[in-house]
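Protein sequences, first through last, are from chains A and B. For the first sequence, the positions run 1 to 583 when the numbering used here is used. For the second sequence, the positions run 1 to 583 when the numbering used here is used.
Some hints could be false.
[To be verified] For lysine-lysine, the following DSS-like pairs were computed, each having C-alpha atoms within a straight-line distance of at most 30 Å:
no.	chain 1	residue 1	chain 2	residue 2
1	B	K62	B	K166
2	A	K228	B	K151
3	B	K503	A	K346
4	A	K283	B	K181
5	B	K449	A	K186
6	B	K151	A	K262
7	A	K228	B	K232
Hints in this document: simulated from the structure, not taken from any laboratory. Quick caveat: nothing in here was measured; it's all calculated off a predicted structure.
Number of protein chains: 2
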Amino acid sequence: MEKEQKLHNLRHTLAHLLASAVLEIYPNTKNSIGPAIDNGFYYDFDFESPISDKDLETIEKKMLALLKDWNTFAHEEKSVNEAKDYFKNNPYKIELIEEIAEKGEKITFYTAGNFTDLCRGGHLENPNKEIRAGIFKLDRIAGAYWRGDEKNKMLTRIYGLAFESKEELDAYLIQKEEALKRDHRKIGKEMGLFTIIDEIGPGLPLFYPKGTILRKMVENFISEEQTKRGYKDIWIPHITKGELYKVSGHLDKYDAMYSPMKIDENDYYLKPMNCPHFMMLYKTLPHSYRDLPLRYTCTTTNYRYEKSGELSGLTRVRALTQDDCHIFCAESQIKKEIEVILDMIKDVYKAFGLNDFYVRISLRDSQDKSKYLGDDKVWNTAENALREIVKSTGWKYEEAENEAAFYGPKLDFMFKDAIGREWQLSTIQLDFNLPEKFELEYISNESKKERPVVIHRAILGSTERFLGVMIEHYAGNFPLWLSPVQVKILPISTDKHSVYAQKILQEMLDNNIRAEIDESSETLGKKIREAKMQKIPYLIVIGDKEMESETLTIETRNGEKLEGMDNNAFIQRLQEEIRNKTI
Amino acid sequence: MEKEQKLHNLRHTLAHLLASAVLEIYPNTKNSIGPAIDNGFYYDFDFESPISDKDLETIEKKMLALLKDWNTFAHEEKSVNEAKDYFKNNPYKIELIEEIAEKGEKITFYTAGNFTDLCRGGHLENPNKEIRAGIFKLDRIAGAYWRGDEKNKMLTRIYGLAFESKEELDAYLIQKEEALKRDHRKIGKEMGLFTIIDEIGPGLPLFYPKGTILRKMVENFISEEQTKRGYKDIWIPHITKGELYKVSGHLDKYDAMYSPMKIDENDYYLKPMNCPHFMMLYKTLPHSYRDLPLRYTCTTTNYRYEKSGELSGLTRVRALTQDDCHIFCAESQIKKEIEVILDMIKDVYKAFGLNDFYVRISLRDSQDKSKYLGDDKVWNTAENALREIVKSTGWKYEEAENEAAFYGPKLDFMFKDAIGREWQLSTIQLDFNLPEKFELEYISNESKKERPVVIHRAILGSTERFLGVMIEHYAGNFPLWLSPVQVKILPISTDKHSVYAQKILQEMLDNNIRAEIDESSETLGKKIREAKMQKIPYLIVIGDKEMESETLTIETRNGEKLEGMDNNAFIQRLQEEIRNKTI
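Here chain A stands alone, though its shape is the one from the complex (with noise of 0.2 Å):
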């Protein structure tokens, strides 16, 4: 906490850096608020005459000149008028300490160098001799309203990045390079696997043929690794009436759910979560202590709203498909399912090759009850239980408050991708409280009406999440099992090579192989060049020598070469990469 503590005060005195810098160059900007983020800070500025991201450097080494002379932070207390007074020209920095008074709270100025400002504290206290050249970097411009509000004037905001050593510095530009090149949105274009339509709406992605390739192959594998562990697939319609989600709380408790759809007198709700459709089918049927664990499973699309703003590709989308299951069992049983699911999220991401991983017990927010359903003892318990089951692994993880879905706790699992970036995907969620609300029952083996806990689950989380995660994971580059084409086949010549080129093909469909033929009159070398954009594992090229041969000649999409082998041998190659899931 201390080292975090230290990092937000390095980069919010950067904040305060720039904007003095900033002042300087420009006497007349107007400067607003700025504050320290994840990765560094940034100030919002509203300039007389507009600035670009050339400008930066500029400004980048007026900070290392100012900072020569910011040996310490005074700070004095301000009343409302002395306030006022100073900023007298300044319209931003006038609301915000009318704000300030407003709410009875001191007023606070913060002084380094010749630049003073309006600020609650948190600054280095020796700036010129903890920060150095190289651990800091402005990084680019954008537009910013004033307090986030559309309504108000555009700003200027200047984004600086910043970390305690150079080293990170470079890292972390390393990985953002790296992570420009592996966009989800820009790879999915080049390979062509799905697309955003404007007609059709933003967050609502459609998937093209190669594309939905990867939905069922990511689909059927998780389908399958379910079914060796008894579940059963249910199917429900997308809609509902509301009366449902009043029952399950959602109406009252979730936020992000559609408009109504009148249907005859009744209010239709498209479905923002599966939940309250697992409990009724569970309800529909008597059960007996005997059927539990019941474990039923559906893999279906979800609506949730998510401001425009804040939609990405397929990382954040409005209709998320779920691997959603939901386990009615009793109360003794819980140790055990979570452990089914706990291995099967091993075996699941070990295939995708994502093995460095923590949990995240994601607990209430202890100041604020209300968000929730349920009392206190029933949190205890399940929060509990989950802290125990997560120890027991021995595996990394952490506690985070605030951070429950509103029924129950939850356990999040954070991989890291190639590139170092973590990713929440799995989540295993207890819930005490909805098996409550839709009053679920059993018999016992005691023949007495029981109660089952229900178990929320995703391994994958949403397919199209996933996939984005997956597409920048492997930049593209994915093991053959996953490949929208597996193998291109490559006549040199249509006129000689493509009936011989056709037979390879249709050998190779037969054998469920994912083959294309390049019959364009394109030259062999711009063929070879299209193929490996589309990043197909393996390429074969015919001509003479191949056909006389009967032998095929094979290149990697790293540029391996394989020779001497015929077809046969290669689909059973090829084959038995595909079955082991060979990353």
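Put chain B on the given structure of chain A with help from the hints.
Relative to the frame of chain A, chain B by itself:
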């Protein structure tokens, strides 16, 4: 047509005869209207005191007695006043007379025996010669609002069945009884396939695990047959901006859409059809003649309004999952593409034992062309193309006006099920209009911009309706490949035989046989009855004898016995039966 007119006249005459008999027995009854319908006739009455099904026999006898004097039908025109005077005690007839008068039409009375009714005509000329006992039967009574409006008084409707011969009536009654036994709602409940839940909504079935297996089996079968034929899966979201349905014409021409949801500033609709999504996906990429035909497919759920009174189990729902496909092709490719579809329809329905079918060529309503997109030329081309292809198959067909989609003519496939009922299942639609509306293009081999044609197609129609039909067709006795549970293992004593039975079970599961075990403490007799009620194809009884000899005692659901096979041999037999989709 003459035959049909004669049957209509017979049924209409019987409606008069019914009214005559009712008024003889219950003189204070007010008769309203009585038309011929599909399988007979009905008449709506306002009885002084309620009657019940038990009274139908008496009425039927009276009909036969009165019939003797019904030699002929006389008719005469009446003035409004004469007519109103005749029916002065009957407010229903008065209302009808006033309406006819308002339209300026003639008022005619028809009389046979001593019964006179307000009527437009259409009767047998010599009722007592043409109606024989045994060709009609009063069926049931039901409530019916006057003029179908729930604000009006509820009348009593008496339904009668009537056919040209006693044989036809008897066949109809047998079919009806058989249909009742096969009712998919009844079997669906008994076998635990699906349910409809009030709090979720009528017309929105949910599927239990066993019903979901049925869904998957038929959908996967279609998917395999499509992949073989070069179809490619895509994926689309369930909602879209209204803009899209403005372009496609749905908002203007299609009235079963649900009311919109507001998201940000836009109206979004739940999709009732997929066509526009397919069109847009095509449009996002440039296409060359080399890409065509492009066969895009997606099994996805559509949402359409149906009146609640018309909903029925799975066969009439508000959420229907279509095995939808859109083929983008050049005009010259239409014939070939439709042939590929016809071939698939034949193969698929053969697997379900539905070989008796005819094709309906569904044409525009020539009386009201405003209901359709596109001009005469386009429609003539499309209608002729379909007509020609159907003729070339040599299959039975008929042409039907006013059955086309708003964007093009269709081929609808009418299949006869196991008890002779007709179902419309597959459909193929030829569309020159939406490609125009969406301005779809491809570059021809002469480097010119051309417009593709679109063929819309569904083989099952909808998963839900198809399953409803299949449940009734098979009466729940699904062939092995479709059966939700394929084998039930019944240990005679849970103490002594369970461990061995579990071993047999595990071997089956490992070989992808859907097997279950019944370890309840019920008697063997009860377990067998329960399994037969569940229509499970194979039962295995495990007792001392079976454990010693390591062979199985197998009984089919039809009571056939198979003996002396070991589990390995039995599994192989099952796998072969599944692979061959044996009926």
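* **Hinted pair K449/B and K186/A, Cα distance within 30 Å** => holds (28 Å)
* Measure nothing beyond the straight line between the CA atoms of K283/A and K181/B; if it is 30 Å or shorter, mark the hint as holding. => Between K283/A and K181/B the Cα gap is close to 27 Å, so the pair holds against 30 Å.
* Please work out if K151/B and K262/A have their alpha carbons no farther apart than 30 Å. => holds (22 Å)
* Taking 30 Å as the top limit, are the C-alpha atoms of K62/B and K166/B close enough? -> holds (19 Å)
* Taking 30 Å as the top limit, are the C-alpha atoms of K228/A and K232/B close enough? -> holds (28 Å)
* K503/B paired with K346/A [C-alpha distance capped at 30 Å] -> With Cα atoms ~28 Å apart, K503/B and K346/A stay inside 30 Å; holds.
* Decide if the proposed pair is consistent with the structure: K228/A and K151/B, CA atoms, cutoff 30 Å inclusive. => Judged against 30 Å, a Cα distance of about 57 Å means the pair is violated.
In summary, the one numbered hint that this structure violates is 2.
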